[in-house]
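> Here is how the chains run, residue by residue.
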Amino acid sequence: MDAIKLDLSHYRELLKQYINTQDESALYEAEQISKRSIQHNISLEEIINTHINALEDIYPELPENIQHSMSFLLEVMISYGLALQEFQDLRETQLEIKSEISVAARMQNTLLSTVKPDVEGFDIGVVSVPANQMNGDYHHFIHHEDGTVGITVADVIGKGIPAALCMSMIKYAMESFPSEHKNPSEILESLNRVVERNVDPSMFITMFYALFNPAASTISYSSAGHEPGFYYHAADDTFEEIRAKGVVLGVTDMAQYRQYEREIHAGDMVILLTDGVTECRQGDRFIESEEVLEVIKSFSHLSAQELVENVYKHFEKLQDFHLRDDFTLIIIKKDV
Amino acid sequence: MDFRTCVNIQKEWDIVGARQFGRDFSKKLGFGIVDQARIATAISELARNIYLYAGSGKICFDEVENVGSRGICIVAIDTGPGIKDISQVMEDGFSTSGGLGAGLPGVKRLMDEFDITSKTGEGTEIRVVKWVR
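Residue numbers (the UniProt record's numbering), protein chains in the order written: chain Z, 1 to 336; chain B, 1 to 133.
Next up, chain Z with everything else stripped away, as it sits in the complex:
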């Protein structure tokens, strides 16, 4: 059962030394024995047994009542030692699970990878960081032949592995749509049917889908219950919420989505995000969306990529470097 036994003679000598001198150095050595025993998986009861044997060696005339009391102690420690062993095994199992998850997270990164579009006249920045190892947020760019770009931002209610699994399905469903199929409202309607049929009813997915047309400088979009984004008007230095009505994906198979369109003017910004951004918390307090906009504004002189990264760093710090929810922020800036 035990790979390495405790060295009885060493223990005995040390115990003898301590009984005679009450020397701190013997106690320090005892600490080392304790640590070595943990390292070598020596059980609690084995240590007690070594102590009993050493004691009997030093005092062959040990009174019987003391001997009995030592057996009693040994008995008391058996279940405790057993529980410790169980914890150790569970800890190993936990490490295995952790490393499996990190492999899965790497796979997810590859599966869901997307290329940020490089569009003349516009500057685009993206940051998406999971709260745990696996991301339940999703963003994706679809580059169409006519130069338009489909932009998806989605969030599975809940996080972690189930959310991540769900997202992989969403991505492949979207890829199976015909390429001429690019109207936001149509895409959400098709996707809604896929989710309704394939995803557990307890799971909800919100999505914002936009078709960005750089040549015409327009963006058309629909939302399936997703956290509203913001539009920054450079002309009067104000933010406006991008309102779009639509039911969360998967609730009903007949959902219809309204499509909206707006023009993007020079110096303006389109801000798309998930609730991990707007629901950052400082202590027990949820931040207000005005605060998010303030922070965005304070970095707005930077390039779009530097902007989103600085906003992320700001809220990461605000939350003591411990994200509570997956954080995704996309900013499209039109050059002046």
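Derived by calculation from the structure, the hints in this document are not laboratory data.
Wrong hints could be hidden among the right ones.
[Unchecked claim] Listed next, the in silico EDC-like pairs over lysine to aspartate or glutamate satisfying Cα-Cα at most 16 Å (straight line): (1) Lys-108(B) - Glu-86(Z); (2) Lys-58(B) - Glu-12(B); (3) Lys-108(B) - Asp-89(Z); (4) Lys-317(Z) - Glu-291(Z); (5) Lys-334(Z) - Asp-118(Z); (6) Lys-28(B) - Glu-63(B); (7) Lys-297(Z) - Asp-236(Z); (8) Lys-317(Z) - Glu-279(Z); (9) Lys-27(B) - Glu-75(Z).
[To be verified] Short, incomplete list of chain Z residues facing chain B, as computed with Cβ under 7 Å: (10) Glu-86; (11) Asp-89; (12) Leu-90.
Ideal Cβ positions, reconstructed from N, Cα and C, are used throughout, including at glycine.
Model the placement of chain B on the given structure of chain Z, informed by the hints.
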């Protein structure tokens, strides 16, 4: 298998009887005090499972031999409801006796060999062996 001795388990007090018999038997076979304590604890777990979940059953003891080494074989038999999902009860952290019991994984750790067969509605038989070192 024809067992030398069995202890019936019907009331909580019988658990003590089974422990006592197992401890004396393992001492006679030459087990050291740590192993005696481990065997007694394993018997406790097995007997408590019978008492709590099957209502009644027995714990049987025998001496076993294998190429020069001696050991104790303990078999717990009951005619209770049986265990539906053995993998689950053998999982660490899934404890049947209210969280603090070592449960069957504990028994497996305490002993050298462990074997379980169970049929829903008919009962459970757990056979464990520990060798004198």
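> Give a verdict on every hint.
Cross-check of the supplied hints:
Taking the CA atoms of Lys-108(B) and Glu-86(Z), the gap is near 11 Å; set against the 16 Å cutoff, the hint holds. Among the hinted pairs, Lys-58(B) with Glu-12(B) is consistent with the structure: their alpha-carbon atoms are about 13 Å apart, no more than 16 Å. Distance restraint check for Lys-108(B) and Asp-89(Z): the Cα-Cα separation of roughly 13 Å lies within the 16 Å cut-off, and the hinted pair is therefore satisfied. A distance of roughly 14 Å separates the Cα atoms of Lys-317(Z) and Glu-291(Z); the hinted pair therefore holds under the 16 Å criterion.
With a C-alpha separation of about 12 Å, the suggested pairing of Lys-334(Z) with Asp-118(Z) holds against the 16 Å cut-off. For the hint linking Lys-28(B) to Glu-63(B), the alpha-carbon distance of about 10 Å falls within 16 Å, and the restraint holds. This hinted pair checks out: Lys-297(Z) and Asp-236(Z) have alpha carbons roughly 13 Å apart, not beyond 16 Å. A C-alpha spacing of about 14 Å is found between Lys-317(Z) and Glu-279(Z), which places the hinted pair at or below 16 Å, so the restraint holds.
For the proposed pair Lys-27(B) and Glu-75(Z), the alpha carbon gap of about 15 Å is at most 16 Å, so the pair holds. For Glu-86(Z), the suggested interface contact is upheld, since its CB lies about 5 Å from the closest CB of chain B, less than 7 Å. The interface hint given for Asp-89(Z) holds, since its Cβ lies 6 Å from the closest Cβ of chain B, which is under the 7 Å cut-off. At a threshold of 7 Å, the smallest CB-CB gap from Leu-90(Z) to chain B is about 5 Å, leaving the interface hint in force.
Violation of the numbered hints given earlier is absent; every hint is satisfied by the structure.
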